[in-house]
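Asks: Each chain is listed here by its residues.
2 protein chains.
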Amino acid sequence: MNILKEGGVTAAKGFKAAGTEAGIKYKNRKDMAMIYSEAPCKAAGTFTTNVVKAAPVLWDKEIVEHSDFAQAVVVNAGIANAGTGKEGYAYCEKTAKKAAALLKIPENAVLLGSTGVIGMQLPIEKIEAGVEKLAGGLQAATEAGTQAAEAIMTTDTVSKQAAVTFEVGGKTVTVGGMCKGSGMIHPNMCTMLSFVTTDAAISKELLEEAVKEDVKDTYNMISVDGDTSTNDTLLVLANGLAGNEEIVEKGEDYRKFCEALHYVNETLAKKMAGDGEGATALFEVKVIHAKTKEEAKILSKSVVCSSLSKAAVFGHDANWGRFLCALGYAGVDFDPEKVELFFESRSGRIQIYKDGTSTDYSEEEASKILSDPEVTFLADMKMGEASACAWGCDLSYDYVKINADYRS
Amino acid sequence: MNILKEGGVTAAKGFKAAGTEAGIKYKNRKDMAMIYSEAPCKAAGTFTTNVVKAAPVLWDKEIVEHSDFAQAVVVNAGIANAGTGKEGYAYCEKTAKKAAALLKIPENAVLLGSTGVIGMQLPIEKIEAGVEKLAGGLQAATEAGTQAAEAIMTTDTVSKQAAVTFEVGGKTVTVGGMCKGSGMIHPNMCTMLSFVTTDAAISKELLEEAVKEDVKDTYNMISVDGDTSTNDTLLVLANGLAGNEEIVEKGEDYRKFCEALHYVNETLAKKMAGDGEGATALFEVKVIHAKTKEEAKILSKSVVCSSLSKAAVFGHDANWGRFLCALGYAGVDFDPEKVELFFESRSGRIQIYKDGTSTDYSEEEASKILSDPEVTFLADMKMGEASACAWGCDLSYDYVKINADYRS
Numbered sequence: 136m137n138i139l140k141e142g143g144v145t146a147a148k149g150f151k152a153a154g155t156e157a158g159i160k161y162k163n164r165k166d167m168a169m170i171y172s173e174a175p176c177k178a179a180g181t182f183t184t185n186v187v188k189a190a191p192v193l194w195d196k197e198i199v200e201h202s203d204f205a206q207a208v209v210v211n212a213g214i215a216n217a218g219t220g221k222e223g224y225a226y227c228e229k230t231a232k233k234a235a236a237l238l239k240i241p242e243n244a245v246l247l248g249s250t251g252v253i254g255m256q257l258p259i260e261k262i263e264a265g266v267e268k269l270a271g272g273l274q275a276a277t278e279a280g281t282q283a284a285e286a287i288m289t290t291d292t293v294s295k296q297a298a299v300t301f302e303v304g305g306k307t308v309t310v311g312g313m314c315k316g317s318g319m320i321h322p323n324m325c326t327m328l329s330f331v332t333t334d335a336a337i338s339k340e341l342l343e344e345a346v347k348e349d350v351k352d353t354y355n356m357i358s359v360d361g362d363t364s365t366n367d368t369l370l371v372l373a374n375g376l377a378g379n380e381e382i383v384e385k386g387e388d389y390r391k392f393c394e395a396l397h398y399v400n401e402t403l404a405k406k407m408a409g410d411g412e413g414a415t416a417l418f419e420v421k422v423i424h425a426k427t428k429e430e431a432k433i434l435s436k437s438v439v440c441s442s443l444s445k446a447a448v449f450g451h452d453a454n455w456g457r458f459l460c461a462l463g464y465a466g467v468d469f470d471p472e473k474v475e476l477f478f479e480s481r482s483g484r485i486q487i488y489k490d491g492t493s494t495d496y497s498e499e500e501a502s503k504i505l506s507d508p509e510v511t512f513l514a515d516m517k518m519g520e521a522s523a524c525a526w527g528c529d530l531s532y533d534y535v536k537i538n539a540d541y542r543s
Numbered sequence: 136m137n138i139l140k141e142g143g144v145t146a147a148k149g150f151k152a153a154g155t156e157a158g159i160k161y162k163n164r165k166d167m168a169m170i171y172s173e174a175p176c177k178a179a180g181t182f183t184t185n186v187v188k189a190a191p192v193l194w195d196k197e198i199v200e201h202s203d204f205a206q207a208v209v210v211n212a213g214i215a216n217a218g219t220g221k222e223g224y225a226y227c228e229k230t231a232k233k234a235a236a237l238l239k240i241p242e243n244a245v246l247l248g249s250t251g252v253i254g255m256q257l258p259i260e261k262i263e264a265g266v267e268k269l270a271g272g273l274q275a276a277t278e279a280g281t282q283a284a285e286a287i288m289t290t291d292t293v294s295k296q297a298a299v300t301f302e303v304g305g306k307t308v309t310v311g312g313m314c315k316g317s318g319m320i321h322p323n324m325c326t327m328l329s330f331v332t333t334d335a336a337i338s339k340e341l342l343e344e345a346v347k348e349d350v351k352d353t354y355n356m357i358s359v360d361g362d363t364s365t366n367d368t369l370l371v372l373a374n375g376l377a378g379n380e381e382i383v384e385k386g387e388d389y390r391k392f393c394e395a396l397h398y399v400n401e402t403l404a405k406k407m408a409g410d411g412e413g414a415t416a417l418f419e420v421k422v423i424h425a426k427t428k429e430e431a432k433i434l435s436k437s438v439v440c441s442s443l444s445k446a447a448v449f450g451h452d453a454n455w456g457r458f459l460c461a462l463g464y465a466g467v468d469f470d471p472e473k474v475e476l477f478f479e480s481r482s483g484r485i486q487i488y489k490d491g492t493s494t495d496y497s498e499e500e501a502s503k504i505l506s507d508p509e510v511t512f513l514a515d516m517k518m519g520e521a522s523a524c525a526w527g528c529d530l531s532y533d534y535v536k537i538n539a540d541y542r543s
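Residue numbers (this note's numbering), protein chains in the order written: chain A, 136 to 543; chain B, 136 to 543.
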């Protein structure tokens, strides 16, 4: 597996992208993106489990489940097109129709994504004008993928991409993707806005299964604020242009594909967590030696979601009682006398809790470890062989600032 | 039912209290309290469901379940005596022994409570000296109850008491209580440190049942930060000195007792929520016309726990999409097109969402309503007859500030 440092949605063969300023809500920045594949794609997706689903989520579900193929994605930032009723859904139809006409593909091959404030209607003329600019500006260059990744940002502070290649029967296959997400991040059997493209030839069934399995260990293991959005969407498009023999069974080729997909998904998910609203650090929680994988996941997510643990990371304060407390209320039984707790980062590793109480650790050293931009809390449950990892970020003044006046 | 504006744990007949400076962790403030009853009490309690239980929680569970009676409570603030292993439990024994000797009651009639930082050992000499001062200073005056309520505060900004009287067969019965709680507040089938005293004569079985039922609608419906503490404790002591005929069945007398108990518990719970760490407002979430009570509770707690909704309250921003979103991910099915949403406070009431989208409301008016110190978000689910109410607070810069350097 070869990791492409620069690539994103245009890394795989036959994919083009563009980003443009449509003036939807922001001033002087790109706010619309398009992805287009030269060949029809098999599409798989996972969507928000929120009862309140944004209009583009309803639109995409229909296409992923019932269209013969997908070939383009149109995304806007600034307005989420959620809580917008029938009018909002009608704007999805208009947007897809416009893109379909310009790209000469069927309307039901156009996927959509929206992100931003809930409850406002889209300025449809601006959206249609944006679609026209995007269709005219599509390019296969790495730079075009980057422009698309920049255009879908909201409170994100950096754009987020990842790409990787692997060999199948002498053919190079590529998986690349981009995502956005910074607040209202707590995906549940679904994800944020994340778009992954691949030139792998793979059956629709296996593509769907690979995606469904992988989100459980990647996007579903991150949380910025515990709020599951109305717009969460992961779309994976496979156009088959790598020329590999189609992957139709769970052999070595499928394993390689899953590994590449996992790399891209996990990288994008961690980028979202680390760029959580107001975050000063990526907060990783590793739980090892749990009884079952499910329990390891529940324990790690409980800590990564704990406001008090997150605030302690922000304060570089090894206040381990809060982390232990969050393990304790997760809903999983364990023996507090046996558990061992550690903090680690590039600056080192320190054991802080053993035999039911504090170790004789140095607060100064612990604080130094917690001052890194990537901090790991490790809990060794001493119960079995299962482990899990969850990602989030610290809780800072800026999280409150961003969200006390997000709309203004 | 007559509400006593000033009373607390000394409001009921035969109860005395005291608060004192033991110098455990804070400087120049009271940090230890004692409650004592002239007569032996029936005791009921609910405790944290956290797997990691503080030493005094383990101690109290034993007494409530197995002692013939309880007669005193000793509480300290500053150190939680949680995550302290066998040494921490030994300090419970020492504290109870000291109090028992001074008060001339059995050791297993002394209940304990601790609150503060997790993981530090209690300075036992200071605790024992504190117990001596407290035992010597016990008084039945309202002021003594207030001193006890002040002594158990940690990050609380105000002390919290409530008391109420009612008549049973010509006898006046009183229920009074005090509590503390400001951060790490998300009680789960249990509560914070809350101590309720009553002179009612009531059977142990009915007292336990009344308490168990009432916490579900009071303490278990509040959340400051989603973190369920290791120390959550509610203790209710009934000494029977009101002289009423003992309540032994579920008739009118029991109903009156439950109503009084509910008033005290709900008042204390709301005081904790409104004084949540860094809070500028009490945030109330009412869900009406839900299908079942359980669903109404789940929906209201989902909104009251949402960081984004809490930040919107802090910003006085009627960003209703976040509140709708939090209803949507609660795990309860509903039709977003039918739900109606409102904000209300002493400044008025405004409908903000109907028929799947925004009403044409005035942002200025909504912001004025949200600027009150008590803000209610009301969701009318239009599905049935059940309702529930949850209480929390807004999310402010100060929450982060308090928790980024709580230990320093």
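Keep in mind that the hints were calculated from the coordinates and are not lab data.
Quick caveat: nothing in here was measured; it's all calculated off a predicted structure.
Please note that a few of the clues may not be correct.
Heads up, the list lumps identical chains together, so a pair's fine if it works in one copy or across two of them.
Here are the simulated PhoX-like pairs of lysine-lysine, each with C-alpha atoms no more than 20 Å apart in a straight line [said to hold, decoys possible]:
no., residue 1, residue 2
1, K421, K268
2, K261, K489
3, K473, K221
4, K221, K489
5, K151, K426
6, K339, K391
7, K536, K261
8, K489, K232
9, K140, K503
10, K503, K229
11, K536, K428
12, K428, K151
13, K473, K385
14, K232, K268
15, K196, K261
16, K405, K261
17, K306, K426
18, K160, K351
Asks: Indicate, hint by hint, whether the structure satisfies it.
Replies: Hints versus structure:
| no. | hint | verdict |
| --- | --- | --- |
| 1 | K421 to K268 | neither (45 Å within a copy, 47 Å between copies) |
| 2 | K261 to K489 | neither (60 Å within a copy, 26 Å between copies) |
| 3 | K473 to K221 | between (56 Å within a copy, 13 Å between copies) |
| 4 | K221 to K489 | between (57 Å within a copy, 13 Å between copies) |
| 5 | K151 to K426 | neither (46 Å within a copy, 49 Å between copies) |
| 6 | K339 to K391 | within (17 Å within a copy, 65 Å between copies) |
| 7 | K536 to K261 | neither (30 Å within a copy, 42 Å between copies) |
| 8 | K489 to K232 | neither (62 Å within a copy, 29 Å between copies) |
| 9 | K140 to K503 | neither (29 Å within a copy, 50 Å between copies) |
| 10 | K503 to K229 | neither (54 Å within a copy, 38 Å between copies) |
| 11 | K536 to K428 | neither (36 Å within a copy, 35 Å between copies) |
| 12 | K428 to K151 | neither (39 Å within a copy, 52 Å between copies) |
| 13 | K473 to K385 | neither (40 Å within a copy, 45 Å between copies) |
| 14 | K232 to K268 | within (15 Å within a copy, 81 Å between copies) |
| 15 | K196 to K261 | neither (25 Å within a copy, 65 Å between copies) |
| 16 | K405 to K261 | neither (33 Å within a copy, 48 Å between copies) |
| 17 | K306 to K426 | neither (41 Å within a copy, 57 Å between copies) |
| 18 | K160 to K351 | neither (33 Å within a copy, 44 Å between copies) |
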